[in-house]
Structure formats: structure tokens, C-alpha cells
Amino acid sequence: MELICPAGTPAALHDAVAAGADAIYCGFNDETNARNFPGLNFSREEMRESIAHAHRYGTKVLVAINTFARAGNVELWQRAVDDAVEAEADAVILADVGVMDYCAKTHPEQRLHVSVQAAAANPDSIRFYVDSFNAQRVVLPRVLSVQEIAAITKEVKVETEVFIFGGLCVMEEGRCSLSSYATGKSPNMDGVCSPAASIQYREENGSLVSRLGDFTINKFAKGEAAAYPTLCKGRYQTDEGCGYLFEDPASLDATTMLPDLRAAGVAALKIEGRQRGRAYIERVVKTFKDVLAALDDGRPLPVDALRGLTEGQSTTTGAYKKTWR
Amino acid sequence: MQLTLGPVLFNWKPEEWRDFYFRIADEAPVDTVVVGEVVCSKRQPFLEEHIPAVVERLAGAGKKVLMGSLVLMSLPRERKAMAELADDDGFMMEVNDLSCLGMLGGKSHAIGPFVNIYNESTAAYFASRGASRICLPPELPLSAIRSIAKSLPNVSFEVFSFGRVPLAISARCYHARLNKLAKDNCKFVCEQDPDGLAVTTLDDEPFLAMNGVQTLSYTCASLLGDIDKLKDAGVSSMRLSPQQCDMVAVAKLYRDVIDGKIAVAEGAQKLDQLYPLKKSNGFLFSKPGAAFVTDSGDVRRIVPAA
Numbered sequence: 000m001e002l003i004c005p006a007g008t009p010a011a012l013h014d015a016v017a018a019g020a021d022a023i024y025c026g027f028n029d030e031t032n033a034r035n036f037p038g039l040n041f042s043r044e045e046m047r048e049s050i051a052h053a054h055r056y057g058t059k060v061l062v063a064i065n066t067f068a069r070a071g072n073v074e075l076w077q078r079a080v081d082d083a084v085e086a087e088a089d090a091v092i093l094a095d096v097g098v099m100d101y102c103a104k105t106h107p108e109q110r111l112h113v114s115v116q117a118a119a120a121n122p123d124s125i126r127f128y129v130d131s132f133n134a135q136r137v138v139l140p141r142v143l144s145v146q147e148i149a150a151i152t153k154e155v156k157v158e159t160e161v162f163i164f165g166g167l168c169v170m171e172e173g174r175c176s177l178s179s180y181a182t183g184k185s186p187n188m189d190g191v192c193s194p195a196a197s198i199q200y201r202e203e204n205g206s207l208v209s210r211l212g213d214f215t216i217n218k219f220a221k222g223e224a225a226a227y228p229t230l231c232k233g234r235y236q237t238d239e240g241c242g243y244l245f246e247d248p249a250s251l252d253a254t255t256m257l258p259d260l261r262a263a264g265v266a267a268l269k270i271e272g273r274q275r276g277r278a279y280i281e282r283v284v285k286t287f288k289d290v291l292a293a294l295d296d297g298r299p300l301p302v303d304a305l306r307g308l309t310e311g312q313s314t315t316t317g318a319y320k321k322t323w324r
Numbered sequence: 000m001q002l003t004l005g006p007v008l009f010n011w012k013p014e015e016w017r018d019f020y021f022r023i024a025d026e027a028p029v030d031t032v033v034v035g036e037v038v039c040s041k042r043q044p045f046l047e048e049h050i051p052a053v054v055e056r057l058a059g060a061g062k063k064v065l066m067g068s069l070v071l072m073s074l075p076r077e078r079k080a081m082a083e084l085a086d087d088d089g090f091m092m093e094v095n096d097l098s099c100l101g102m103l104g105g106k107s108h109a110i111g112p113f114v115n116i117y118n119e120s121t122a123a124y125f126a127s128r129g130a131s132r133i134c135l136p137p138e139l140p141l142s143a144i145r146s147i148a149k150s151l152p153n154v155s156f157e158v159f160s161f162g163r164v165p166l167a168i169s170a171r172c173y174h175a176r177l178n179k180l181a182k183d184n185c186k187f188v189c190e191q192d193p194d195g196l197a198v199t200t201l202d203d204e205p206f207l208a209m210n211g212v213q214t215l216s217y218t219c220a221s222l223l224g225d226i227d228k229l230k231d232a233g234v235s236s237m238r239l240s241p242q243q244c245d246m247v248a249v250a251k252l253y254r255d256v257i258d259g260k261i262a263v264a265e266g267a268q269k270l271d272q273l274y275p276l277k278k279s280n281g282f283l284f285s286k287p288g289a290a291f292v293t294d295s296g297d298v299r300r301i302v303p304a305a
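Residue numbers (numbering that gives the first Met the number 0), protein chains in the order written: chain A, 0 to 324; chain B, 0 to 305.
Because the hints were derived from the structure by calculation, they are not lab data.
Please note: incorrect hints may appear among the correct ones.
[What the hints assert, rightly or not] Beyond 12 Å from chain A on every Cβ pair, some chain B residues (computed):
1) GLN1
2) LYS12
3) GLU48
4) VAL54
5) ALA58
6) LYS106
7) GLU138
8) ARG145
9) SER155
10) GLN213
11) LYS228
12) CYS244
13) LYS251
14) SER279
15) THR293
[What the hints assert, rightly or not] Partial chain A-side listing against chain B, Cβ under 10 Å, derived:
16) ARG69
17) TRP76
18) ASP130
19) ASN133
20) VAL208
21) ASN217
22) LYS221
23) ASP296
24) ARG298
25) ARG324
Every residue gets a Cβ at the ideal spot worked out from N, C-alpha and C, and that includes glycine.
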């Protein structure tokens, strides 16, 4: 299984290459990619140089152009595809059907991956992308159990890629407007979820309150670790009581599921976190290299090696275990 | 400007569901009605026996009937059911997931608000594959709506204009989770909240609403004051999403405001009486979706519950 690592900056990409990633995914520094954070991502020149650097070490680079093109300015997304092709990206990761159509017609030789943002959650949907745009890989949304992933991988004639570590989307990716409802900025259109610019922390009667836009997302007692106020991992109330109604503030760690994911026929394993620092990238890549080597050798898997890097030091296998639902 | 009644998103008692549509057929001034369970396939069997009678009554009353597809499908039985729906020539399908496009094989269809159409080139692609009606995603701003609708004059465009706004879908059932149940053994607890379960912040501020695997807005979309802007942008139908209120009266009210029989201000006041939930239209103006932008451009936000 190929190990796919995130890179938010050229320096992080260099670290990921050095740490032994099989492939790296990254994006241009504009709204065409779903991690459109200030100070992050690649200029055109950086992308060209970084891809050339990675290729010297036999590492692939996948360019994510995975927001939905803005009406009236579709050219910006088309140009991103052209530039990724010109920079010799090993694949483009696309979410927007119009952009996929452009890529398939204009660059028929370019390898095309279906982004997790395209929400392809079953074989019929995947077949649509394969038949229409000659997609060669699909990144599966984090709503499927390992059994479902195995069934999909068996039925479709295309590679599947799954997330194994990092932030966990609770809602089907690419179909969530929660952030947009609270802040006016949308994952699909602006490439941001629970954007930092809309976040406030304040002290209130001895507790720390985190807010997103106009809404309180969580309150932490003195001494309680304060998680980032991702909207779906906030604490809310209903008539039934108060708590983490959608998901606890935990990170995905599918290390224990790797034997099952391999048996399921998954082609690639993806680590989330393009916004994370270089130390994180290096440590996560190295750890998963070790884990995969142990898996290949039939040794026991080193588990929990990454707990220190997870949100609130707590992890989940998310939807991979059916009981999550 | 036409009116479309969207599918019931909530778990209503089957007989109430049937009677609701009978009354819509007989009394509501809507042109098109979308029928079918789109949120959770577990609820589907309860409605099945009533669907033929509902479709017949609606069609008999001169309404165009569309059958909505599931938003998120993963089980083999869900895929099979959608394939059968796509195969049926008795009505047009409203596609809520791209899975259905292959099943339709180019047959004329509608596209629902759960499919990501954010620009004119994506809309053109779907039109080339047989989409003749498109209900755009609720979070699209007016400028995008205009740009898309103007680019495809032969496609009818619709905008989500009344009701709690669908914001997200998951594999996890939040109603089951809240009741400490597994999704597979959910006991259909979502039926206790036929209008969605209000979710408030820790400050008691109304925020979201839970509907099984779906998350909706706490607020109720109301584009009643934005009809002229939508018309001017090339929108040909407004979608009313069923809530627990007199939807016939809501439809009549929208019809009267569209036809100029009553003024917007009076209409808005009457709408608040019919359905007192806070109204929002922020998405249309690139503001937070929870906000309400008045005609003079003032932005109002939700206020804490009393």
C-alpha cells in the first residue's frame, strides 16, 4: 500500500520526501484547494521545483485542486489543472465535475484522482467518475466501514485510497455546509472548515469559551484541554442533555485497521494534515513507514506511537468500525 | 416564478405523510412535488405502500411529480432500490447523488440540492447528460446562481426558499447516538422529532437541528423577500421544504407574494405567524447562512432563545 503524505509548504514536502513517503499531496496557494489557509501551499514556481525535487528521489506528487470552481471564474480552476500538468504532477486530485470534464478533455493523458470532496461513497458513484472522466483512483469518504471498503474495492476497476490518520470528518466530505452556515466561509467554495479567522477564545467565569463566528462551540473547565473549535466536534445541548452530539474531539488513527484495509485491497493510505508543521510530517511519515514494514514482515504493529500528535490525545477508528454509527 | 414542494426530510407517521400529500394535491398552489424518502433508507418501507396513491392524487391534480433519490447510499439494497427508481418511466427522477446518473442512462431527469453544482461548467456537463431541472445547493450566493442560470437558458433552475436548510449528511445517526442506540437498532427514534430536534449552543442559542443522519439549520430559510432578485437571476422555481406547519398556507403565501397580491412585509409577517422559527437567508448574500439580510442590507443574527 502506497503511503500518501500531506505537505503544506515546500519545506514540509522536502521533509516528507526525506522521511520516505511514497507520494505527497499538496495544492496551489489559492482557493482551488481545500486547505486554503494563509501562509500555506505552493506558488507555481514552488510547485514545479518541489515536484522536480520529489521526482529525483522517486517520490510522486499529487496536486489537489479539490474545491468547487466558483461560478464566473471557472478559468482559475482550469488554469490550476493546466499548471499542475505542466509541472509534471503525477496526478491531479479533483472534486468538481466541470473541472474533471475539462481535465479529461484537455489533458486526456493526465492521471486523475477523485477527491474525497467528490463524495463517491459507492460503486455506482465511482463508476460514474471512471466512465465519464477516466478516473484512476478514488479517495473514499470517511463514512464507510472496512467491510464496505472491501466490497467497493472488489467491485470497481479503479484504485481506492483511504485516510488513516489525522482530522476526522464526521459528515460526508464535500456535502457539508455547517461551516458556511456559521461563518459564511465554506469548505466547498473557499476551501476552509471552521476557519481560524472566525475563531475566538475568551475567559468567562473561570472557564475558557471557544467561539466560531457568532456561536459558542465549546466551554472548557480550568485545566481541561481545549480542543480546536471544529464545528462538528463541539459541545451542544438538546432537550436530552448536553455533550458532544456529533463527534468527540478525537483524531482518526486507523493503525489497528491496517491489516483489514490491506485485505480489503486498498491501494493507498492517506495521512491528513497539510496545515501541520514539519515535525509532525516527519514523525507521522516515519512512524507509518515502521508500521507498514512491520505489517509486511508479519511483526506486531507498533500502536499508539502517535497519540501525542492527536487532538486531545484521543483517537478513534471512526467509521471503519461499523459500531461507530 | 413557479413553486416546488421538496420531499419531506423528516420521519413522519406514514398516514400523516400520505394525508399531507393528499391535501397538497387538493389545495396547494405548487407546480411540482418531489416525493420519496431521501434521508434514510430505513424509513422507506413505511412510505412505500402509500406512494402509488400519493403520486396518483398529485398527478391527478395536475402537479408534476418527481421521485427523489437517496442523498447518501452505500448498502446494496439502497443501490438496487435507486436503480429500480431510475428505471421507472412513470415519473422523472430527482437525482441527489451521482450514483444515479449511470442508472438513468441519459434519460431526462432533475437534479436535487444535494448534488454539488457550483458553476456553469458543471451545470452544463449535467445538462448534456439529460438534466432539465436543477435545484442548486442552498449555500450558493446570488451571484453564482445568476451566473449559472443565465448560462443555460434551457434548464429550469430552482432555489431552496423555505424550510430548515439541509447542511450535512453522515453515515452516523445522531438521533440514535443521542439515545445511546446503534444505527442498526435505532428504534426509529427520529420519529419523535417530526420537525427536527433543535440543537442549541452552551449559551442556549439555537444553532442546528438533528434529523437522523442529517444535520439541518435551526433557522428556517425564507427567501420571500428575495423573489425579485431570484427572478432577475434567472431562477424559475422556488422550493418549499415541508415543515410541521400549514404548508398549504405557506405555499399560498409565497404564491400571493410572487403574484404581487400581498406586499413582502405583510407576507413576512404572516409567514412568522404560520411558522414562528427565526428566518435566515444569509447564504444568498455570502453571509453566514444563519443570518438574515434585510432588504436594506442589515444583517440580523439568531437571538438567544427566551
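Evaluation of the provided hints:
no., hint, result
1, GLN1, "holds, 22 Å"
2, LYS12, "holds, 20 Å"
3, GLU48, "holds, 27 Å"
4, VAL54, "holds, 24 Å"
5, ALA58, "holds, 28 Å"
6, LYS106, "holds, 15 Å"
7, GLU138, "violated, 4 Å"
8, ARG145, "violated, 8 Å"
9, SER155, "holds, 17 Å"
10, GLN213, "violated, 9 Å"
11, LYS228, "holds, 16 Å"
12, CYS244, "holds, 20 Å"
13, LYS251, "holds, 29 Å"
14, SER279, "violated, 8 Å"
15, THR293, "holds, 17 Å"
16, ARG69, "holds, 6 Å"
17, TRP76, "holds, 8 Å"
18, ASP130, "holds, 7 Å"
19, ASN133, "violated, 15 Å"
20, VAL208, "holds, 8 Å"
21, ASN217, "holds, 7 Å"
22, LYS221, "violated, 16 Å"
23, ASP296, "violated, 34 Å"
24, ARG298, "violated, 33 Å"
25, ARG324, "holds, 4 Å"
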